[in-house]
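Student: From first to last, the protein sequence lines are chains E and L.
For what it's worth, my numbering labels the leading residue of the first sequence as 150, then goes sequentially.
For what it's worth, my numbering labels the leading residue of the second sequence as 150, then goes sequentially.
Simulated from the structure, these hints should not be mistaken for laboratory data.
Hints may be right or wrong, so weigh each one.
Put simply, identical chains are the same to the list, so a pair is met inside one copy or across any two.
The calculated DSS-like cross-link candidates involving lysine-lysine, where the alpha carbons are at most 27 Å apart (straight line), are [claimed, not checked]: (1) Lys232 / Lys415; (2) Lys415 / Lys188; (3) Lys276 / Lys232; (4) Lys492 / Lys198; (5) Lys433 / Lys324; (6) Lys290 / Lys276; (7) Lys433 / Lys172; (8) Lys367 / Lys492; (9) Lys483 / Lys495; (10) Lys415 / Lys198; (11) Lys232 / Lys324; (12) Lys495 / Lys433.
Protein chains: 2
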Amino acid sequence: MPVGTQATVKSMTQEELQEIGFKIILGNTYHLYLRPGHKVIERAGGIHKFMSWPNAVLTDSGGFQVFSLEHLRVIGEDEVVFKSYIDGSTHVFSPETVIQIEKSIGADIIMAFDECVAYPVSHEKAKAAMERTHAWAERCKAEWQASGSISQGGSGTPQALFGIIQGSTYEDLRKVSARAIVDMDFPGIAIGGVSVGEPKQAMLDVLDWTVPELPREKPRYLMGVGTPEDLLDAVWRGVDMFDCVLPTRLGRNGSLYTTYGRINIKNARFTEDFSPVDPECECKVCQNYSAAYLRHLYMSGEILAARLATYHNLYFYYKLMAGIRQAIEEDRLKEYRREFLAKYRKHRAEVGDGQPRMSE
Amino acid sequence: MPVGTQATVKSMTQEELQEIGFKIILGNTYHLYLRPGHKVIERAGGIHKFMSWPNAVLTDSGGFQVFSLEHLRVIGEDEVVFKSYIDGSTHVFSPETVIQIEKSIGADIIMAFDECVAYPVSHEKAKAAMERTHAWAERCKAEWQASGSISQGGSGTPQALFGIIQGSTYEDLRKVSARAIVDMDFPGIAIGGVSVGEPKQAMLDVLDWTVPELPREKPRYLMGVGTPEDLLDAVWRGVDMFDCVLPTRLGRNGSLYTTYGRINIKNARFTEDFSPVDPECECKVCQNYSAAYLRHLYMSGEILAARLATYHNLYFYYKLMAGIRQAIEEDRLKEYRREFLAKYRKHRAEVGDGQPRMSE
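Please take these sequences and the hints and turn them into a complete structure.
Tutor: Written as structure tokens, this is what we have:
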């Protein structure tokens, strides 16, 4: 899922997202609640009509944003009080209000309100946050069931509520949390609390502890992940869904994914490189524009730089996931992964590869 | 001509410009010389290949930019010495070097190097600048003829050099300048030194003095103009070609042209206006997106705001010029102008209407 924080995948039109092939995007409840306001979106007929996006939308619960802005919040058992980053006004999120807001926004998939702790965190604090997350998940479910809400999208299907597993990097907590969330019988299950600064191996450990607890028939969503390598590793462990700002955010910063690793287009070696950014890529950008032109646009601070790089990076991610899906169907995921990485890691030394989480 | 200062019409792809219908865009010699450098563009195969634009390009001469940056320059009879706004390095433009640079860039239409004075200016200074402009026009022509340069574009036709009339707001100077430039027998003739802060009536006076001096068979290009009303007024007086940053720059600032006047999309009255920005507009933006969504994008500082507004404004200008062309063919320009303005001025009181010149 490309990340469309403020009801826009940064620099893209909805036509372009459809052209690439995306069937679902993510919106941020916290941001949309503050601006333009969930009631504005409701009166527009829901997020799909508001932003003219005919395919599916998932909204997060705002938990990650509320808990990321440390100094702005007071956490109680029942609710979180926080100040708007836009105008300093005071707001309250509770499990019930978050579900109401998500109903107004009208996405196809909505997320339960969870407490997402930073990394590292003590076992005690991680346990308390996990228990609050479970209690809130029950309350979210009750609120969601109280009014059979219908997606405002073209599908007209009921909104699906996903529960979120927490527990930081502690095996016991992750297993307890997985079982608790599974027991609540949500339509889908998310693994949260990763991509918050932990080492890559810790994220993989979380998957190894958690995924075996999940029912096969329900979608598993790993929140805020990740790099192309992360996606391959997580799918290998049984994850179905992802969201990540990497392709869009890195694109705006001049970092482009290619078959042979990630490049920084601002590098002087592209000044007179009149070939495409990725000669093996079939996207509109690589078909029409050269690396030298993209570099010029970046050096000149032009908006078109962000557009072209974002389009290309989203295409790269889309093709990666499409390739993974096909490889699974053909029972050759291991080979696909090996072939992809053999090329992708060729030039890996050139740039680092981080894994920020989803808020843009 | 949409303005593509740095080999990009800000926020647009070349595919979108073609989709709207544009057959020619403008690039800035001064900017392209400094970045990426005219030699880079030459090695790319010319501006058309560098930016992947199959239609025509016109490059200005850099005169306007060099003379706008007051504190950065020393003017001699033979050349202008100026400092780069990018890195402070010293550069020299002469009529000969400017033509050489424009040959490297490879546009279809190139402009002579002129001295463009600000408004207001004394008769004495305006006369001196005009005389230098005439001397430089002769030198530009000689340099242009010395090497029969071929456009790097798809047309493969010789580059056409346009001379530029100066003379500020003085009738005697404008008439002298028009005759001098006409006598040099350029393929096309431009009227420069307007849109530099003078009152609208002064610009119309310049046209009334100048246009009657021009041969009917050559294109007349009014540089840096203007508002929709300016275009109607100037075409009425016999002008054929224009360039202006208004549709793109105003778009980025949230000002959108509509059939019923220019609006500021940031206005609170659009918060829940779920209809198109201009209900009578057939552009992709008005077909797909609402005023409320555009307002949200602006208030959120999103790149898509600039994109959608720029596309819409360029479409508006394109349709205006297409309408003017058709009205001329049908011999009803007066009626077209009256009908257009009757609608366009309905809401004119809402916002002011300036006329900045071409550099972005």
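Student: May I ask which of the numbered hints given earlier this structure violates, with the numbers listed in increasing order?
Tutor: 4, 5, 8, 11
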